[in-house]
Amino acid sequence: MDATLLRVRNLSVTYPSDTGDFRAVRNVSFSVGRERLGIVGESGSGKSTTGRAIMGLVRHPARVASDEMMLGDTDLRRLSERGFRRLRGKRIAMVLQDPKYSLDPVMQVGQQIAETHRTHLSSSRAAAKQAALEMLEAVHIRDPERVYHMYPHQVSGGMGQRIMIAMMLIAGPELLIADEPTSALDVTVQSQVLSIMDELVRGRGMGLILISHNLHLVSSFCDRVLVMYAGQVVEVCAASRLGEAQHPYTRGLLAALPELGRRRAELPQLQRDPAWMEDIATPLETPALGVGP
Amino acid sequence: MSIVLEHVTVSYGRGAKRFDAARNVSLAVAQGEAYGLVGESGSGKSTVLRAVAGLIPHAEGRVALAGQTMGKARTTAQRKTVQMVFQDPYGSLHPSQTVDQILSMPIAIHKLGNADRRVAAALDEVGLGPAHRFRYPHQLSGGQRQRIAIARALILEPRILLLDEPTSALDVSVQAEILNLLSRLRREHGLTMLMVSHDLAVIAHLCERIAVMNRGEIVETTTAEALAAGDVRNPYTQQLLRSNKGFDASGGELDLLDAVPIR
Numbered sequence: 022m023d024a025t026l027l028r029v030r031n032l033s034v035t036y037p038s039d040t041g042d043f044r045a046v047r048n049v050s051f052s053v054g055r056e057r058l059g060i061v062g063e064s065g066s067g068k069s070t071t072g073r074a075i076m077g078l079v080r081h082p083a084r085v086a087s088d089e090m091m092l093g094d095t096d097l098r099r100l101s102e103r104g105f106r107r108l109r110g111k112r113i114a115m116v117l118q119d120p121k122y123s124l125d126p127v128m129q130v131g132q133q134i135a136e137t138h139r140t141h142l143s144s145s146r147a148a149a150k151q152a153a154l155e156m157l158e159a160v161h162i163r164d165p166e167r168v169y170h171m172y173p174h175q176v177s178g179g180m181g182q183r184i185m186i187a188m189m190l191i192a193g194p195e196l197l198i199a200d201e202p203t204s205a206l207d208v209t210v211q212s213q214v215l216s217i218m219d220e221l222v223r224g225r226g227m228g229l230i231l232i233s234h235n236l237h238l239v240s241s242f243c244d245r246v247l248v249m250y251a252g253q254v255v256e257v258c259a260a261s262r263l264g265e266a267q268h269p270y271t272r273g274l275l276a277a278l279p280e281l282g283r284r285r286a287e288l289p290q291l292q293r294d295p296a297w298m299e300d301i302a303t304p305l306e307t308p309a310l311g312v313g314p
Numbered sequence: 259m260s261i262v263l264e265h266v267t268v269s270y271g272r273g274a275k276r277f278d279a280a281r282n283v284s285l286a287v288a289q290g291e292a293y294g295l296v297g298e299s300g301s302g303k304s305t306v307l308r309a310v311a312g313l314i315p316h317a318e319g320r321v322a323l324a325g326q327t328m329g330k331a332r333t334t335a336q337r338k339t340v341q342m343v344f345q346d347p348y349g350s351l352h353p354s355q356t357v358d359q360i361l362s363m364p365i366a367i368h369k370l371g372n373a374d375r376r377v378a379a380a381l382d383e384v385g386l387g388p389a390h391r392f393r394y395p396h397q398l399s400g401g402q403r404q405r406i407a408i409a410r411a412l413i414l415e416p417r418i419l420l421l422d423e424p425t426s427a428l429d430v431s432v433q434a435e436i437l438n439l440l441s442r443l444r445r446e447h448g449l450t451m452l453m454v455s456h457d458l459a460v461i462a463h464l465c466e467r468i469a470v471m472n473r474g475e476i477v478e479t480t481t482a483e484a485l486a487a488g489d490v491r492n493p494y495t496q497q498l499l500r501s502n503k504g505f506d507a508s509g510g511e512l513d514l515l516d517a518v519p520i521r
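Chain order of the listed sequences is A and B.
Take 22 as the starting number for the first sequence in this note's numbering and just add one per residue.
Take 259 as the starting number for the second sequence in this note's numbering and just add one per residue.
Note that these hints are calculated values from the structure, not bench results.
List time: in silico DSS-like cross-link candidates among lysine-lysine, alpha-carbon distance up to 30 Å: (1) Lys369/B / Lys330/B; (2) Lys338/B / Lys369/B; (3) Lys121/A / Lys275/B; (4) Lys111/A / Lys121/A; (5) Lys121/A / Lys150/A; (6) Lys121/A / Lys503/B.
From the structure, some residues in chain B lie toward chain A, with a derived Cβ separation under 7 Å: (7) Ser431; (8) Gln497; (9) Phe505.
For glycine and all other residues, C-beta sits at the position ideal for the given N, C-alpha and C.
The shape of chain A in the complex, shown without the other chains:
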């Protein structure tokens, strides 16, 4: 069986502006299998736009172009808005940064989870509620019956993000894109939310794309890492070997991080080389990893 869930070749996203086109994403190629793929970069590197382009969430007037964008045997390039609506939540799901903004503030959280189930699986009200309660339990919420009837303002950040994960996974998607899923959470809660996400993603044999600016987090959590700079993938490496990264940008970022136990009078500041902005002649690509369930 082919382990590749998503294959993207030469993806570009261009925003037209008065001063000429702005290329937010340039010739990005990658494949995702049943693994945890990290995308790191600073703000404006195009990491979130890449995730949104896969979800079909990049709107007019921006232009999305690619040579290939396949989710299993579905060609995402040919998909209409209607087609994407059927796909989102059912086959690819996305967890965003702050649950405060991604949950509907005037709807009970359980109902929001059940709604996803009903929409995609055309289930009955009772079956959807049952599934939502089971899902809440799966994200380690102790009293699902009580939490089901709570409103978003009544739950903590970590709990809100687990509710989001429950909502995103209830229809059984193949791929989860998590865009800075723990950046709004306290550090001690981060690991717990990630372990719950990891447990579910592995258990279901799903693929995960984790988009983050946090180098430590990505290198300790993911299997593989793409490093993006100015819209391009400048480096691909095994997450555990991020410390041995070759590209001067990745090296510069790692050096600029303050480190416990290695106090330096001055932190080396990243010297940006204009050459990094130039188009890379042969975009990097590595085959997907097939991490079995």
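Starting from the structure of chain A, add chain B where the hints point.
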């Protein structure tokens, strides 16, 4: 001692509804020292900073700055000795004022005079040129805005600089620039710094002594060296240390994740 807090409690509400945001906090920071407060949201670290700045009154205890005990209301001269830099440079600068207006305001309030020269010197101090002087905040990058916020704090020539998560809204490469700037300013002006952060590596980079806060109280005081060596006693500090290293597969205790009670 530049900053002395003795049994400081900050509370909101009265009677049964009273909530202590910071409880019985004591610390002393010497002139020229950088002291760090770490903890998570709701731990009371920003509350302590605000009480030192005089932005909120403290209910109990004593706050003394540069040898003077602070009363209920502060004099202009007292306010001048303590300045603060906030977390989000997008929120802390007035969007419809130019950099020049932003930096001239404190000079006018404190009647210092020589505004033109002072603004130019402050911009130079934070590594920005005259080219930035008549721009609006939206024409500046995040790092440049934070430099303006630092310049605004420095323009009154304070003895004490309070830093509330000064780099957490910035990219890693910009964070390094701002941290280097703060180290240099501290060295050159002999500034006393009290810094709040949730990032142990950032705080240990700038500060020698560090207090760990949880639920409004200081649970442990330690040093940057002890943190680096993992030599901490409090279980909460130990967990904070593990979490700061990235993804912690052990997961920690799930108790922390529980819902807030319905009020």
